[in-house]
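**Student:** So you can see what is in the structure, the chains are spelled out below.
Protein chains: 2
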Amino acid sequence: MFRTAELGQKLSKEEYKRIEPDLRFELHELQRKTRSLGKYPVIIVLAGVDGGGKGDTVKILNEWMDARWVINRAYRPASDEEKERPRFWRYWRDLPPRGQIGLFMSAWYSSPVVDYAHRKISRDELDRHLEQIENFENALADDGALILKFWMHLSRDAQKKRFKSLEKDPDRKWEVNKRDWDNWKRYDQFIEAAERTIMRTNTGKAAWNIIEGSDNRYRRITIGTILRDAMQKKLNAMKNQSAPTLTAGSDISGEQGGEAASLTVFSGLDMAKGLDRNMYKSELRKFQAKMNHLTRKGLKQEMSTIVVFEGPDAAGKGGAIRRVISALDPHHYQILPFAAPTEEERAQHYLWRFWRHLSRAGDVTIFDRSWYGRVLVERVEGFATNAEWQRAYAEINDFEQQLVEHNIVLIKFWVHITKEEQLRRFQEREKTPHKSWKLTDEDWRNREKWDLYSAAAHDMIQYTSTQSAPWVIVEGNDKYYARVKTIRTVCDYLTQALDR
Amino acid sequence: MFRTAELGQKLSKEEYKRIEPDLRFELHELQRKTRSLGKYPVIIVLAGVDGGGKGDTVKILNEWMDARWVINRAYRPASDEEKERPRFWRYWRDLPPRGQIGLFMSAWYSSPVVDYAHRKISRDELDRHLEQIENFENALADDGALILKFWMHLSRDAQKKRFKSLEKDPDRKWEVNKRDWDNWKRYDQFIEAAERTIMRTNTGKAAWNIIEGSDNRYRRITIGTILRDAMQKKLNAMKNQSAPTLTAGSDISGEQGGEAASLTVFSGLDMAKGLDRNMYKSELRKFQAKMNHLTRKGLKQEMSTIVVFEGPDAAGKGGAIRRVISALDPHHYQILPFAAPTEEERAQHYLWRFWRHLSRAGDVTIFDRSWYGRVLVERVEGFATNAEWQRAYAEINDFEQQLVEHNIVLIKFWVHITKEEQLRRFQEREKTPHKSWKLTDEDWRNREKWDLYSAAAHDMIQYTSTQSAPWVIVEGNDKYYARVKTIRTVCDYLTQALDR
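In the order they appear, the protein sequences are chains A and B. Residues in the first sequence are numbered from 0 upward in steps of one, following numbering that gives the first Met the number 0. Residues in the second sequence are numbered from 0 upward in steps of one, following numbering that gives the first Met the number 0.
Chain A extracted, bound-state conformation (with noise of 0.2 Å):
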């Protein structure tokens, strides 16, 4: 793979001097287009072997364009608060926004090859890293970003060379050391590890480019011209781009028709399910008990818990979720309601405001609302476009495994009541004075989309229902089962966990 990396291209200082002008000014105003374009962000990975000259790339990158709206990002060893969240969550939170340019070295690719060259991973965990590369990459690709990966290569003797004549300069010496040393004579371990990492990452969505990184001005032009017509073809295909057409609700009953979207997996719920006031008390009562007694146990063992709440206006989310909270420790949950994203969350891929959002170890997030609006009211509404929210249950999936991996308990609730129950929910709030705030006008708007919704729901629940996050679907027409019902699925999930 890396023979053609290994030919000795060398570029003259005079053929570098002729070139380097006009690609610094031409990259200095794409950077300009695509700031104030401000439609997708650049994302450029520079990795390869030690020497190879990631660091004078990031430097000549620097110095082309306007420094000012490159973010250079590098990784030390994960700090406590990285740790405590999925392996992703620091490169989700160092993304850059619409427009802007982010250079990451190595980044997400450094410990899987890393860990492989030195067998500290076995080939079937490399392979579920890379996959989740590639699901990362897909993500940001999708959502518009333009993806470039360097690989600066050196062969095993042109490295040696390399690391000698820094050692020889009293300047630069120090940027040898002894763990450059070392993985130099695994070399060929780490070859390995790279190929089958290019391999399996090499995507048409964010594909790989190796450099031959032996001289600095051949490696600079090569680098500066692949990201100068990148930049420029992203733009012009940019611009040729008609908007995409958004029709709300469209293809909204999928490839049965209109018939099917009467027929849900809520259809065969049995709605009248309900519990006396007595019994209500104690249950609740009961479980609250246990679960403050579990919470707390979870908290010993760092467990984390996420807890969603899904279901239509009125279905009773607040007070399900307010009997949940009444049994915690105020010091360790955290309420987090969502509507409308942020103006610097909308610069970024819509699953960016959740990650952000990942709380610390031990505590319980609940969230009132979720990354699922992406194939609930954005689809319905039209916010999103047909191919985001298709792709989007991908994307949740391989989201909700991450934190599931990471021992997170995830837990789904989807609150459910009858269109009939909505219908006298709703006048009840708007007859009683003190509740009459909390039924607006959309509220009236979205019930006329009530079977939009259903559909979008049954949906939904079809496709992210997963082994390892699987729906709990609550009949919530009696507000006292439902309560009870979600308590004791949280409870069932936390003794589940802890008995692990």
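FYI, nobody ran anything at the bench for these hints, they're computed from the structure. Cβ atoms here follow ideal geometry from the backbone N, Cα and C, with glycine treated the same way.
DEER-style ranges, computed between Cβ atoms:
id, chain 1, residue 1, chain 2, residue 2, range
1, A, L422, B, N208, 42 to 48 Å
2, B, K82, A, S109, 21 to 27 Å
3, B, G381, A, R487, 54 to 60 Å
4, B, E301, A, R118, 31 to 37 Å
5, B, N385, A, P336, 35 to 41 Å
6, B, M278, A, D228, 39 to 45 Å
7, A, P336, B, V403, 35 to 41 Å
Since the structure of chain A is already known, use the hints to place chain B on it.
**Tutor:** For chain B alone, kept in the frame of chain A given last:
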């Protein structure tokens, strides 16, 4: 001080049942109105002796109000990311945005009281710490925040009784641990520390309420009532308050009247200072090598550096920044350009967006424009009221003091050019095709206000050039001279800091 909180105040079950429903309803309504107004945050601090009911208070307030819009903040020992920033960083990042309510458990009061009770800090250190708290709370209150502080008190005997009774309850005995009993043995020292703390931080803008903690019902109703009244009063005050008169550039010439504006700190500068090209090249090379060396040493010692650049348009800030960074390891610097704040930033105190960007230990952060916008552009353009920008000097001095005390090397550059030189550069930009985008209508508009900006810069330098964070004025008419002076100054600061 705590006599009145040892009276054995109680509330009967009947009284509680009579008062609670209305209080709860009112609090809920007030929360809703505060949120829909969205003009100021409510910051509630709950502190006091263990067993005094801090936890119960958080719980009941979350029950009474809409818990989704209450932010609960409790603090564990600082994470490594928190330790790498000044002490108040963790509190700044947790502040509720305007319209929301934050419940802070002990928070910034925990370490001064506990550390002084255990004599880990001296009385002087305690006082210094309390002064910082006062500045912090004043800054928030001046920005509109409603701050309520509750100190839950128990007498020595009442605390012992409380612990004993908790230990007897199998469901709650975990709430008492060895540390609690150890603290109880130091009750008198603890109370002494608390008294001094309350005394010194009991300000008109953020007053303490001392609450007798032994009876749950009494405590809840007392706190709820105080909170209700304060929230109501604040809402009324906001309603009656007419919009502040924003008069652009008013008061600009200060006490001295119009004449004074022409004689500024810039009048005495020798703007003819220059450097020839050869000298420039050799000096630049020399200092860049030196800086590279110094920053590597700084990184090893986890020394952080913040470099602030301010100055008129076209003064050459960008060029100076480029020369500084080209000497740095791209792994460890970040340039932060500041223009208009984002939506999330506008919902917070103006310093919040600078606090949030303080980087991890060892890094160099370059602020291309900064918190000084408050007393420059915001003052001149009338984006801040007179009261706002006038109090900003002290707020900024306090902020920088915290940076310096955290051993961050802080360097502030005012890159100055004359009005004639600015015109020359504007005209040159106009004529040069690849530079013309740099020049906007706004630049011309700002230029018309040259004298107002000069006067604002003069005041800024006067009021914020402190012993620990002086301004460095760079004569910028000659770019070569300015760049070398900048980088030489950075070297001087780093050398001095490393010798400490």
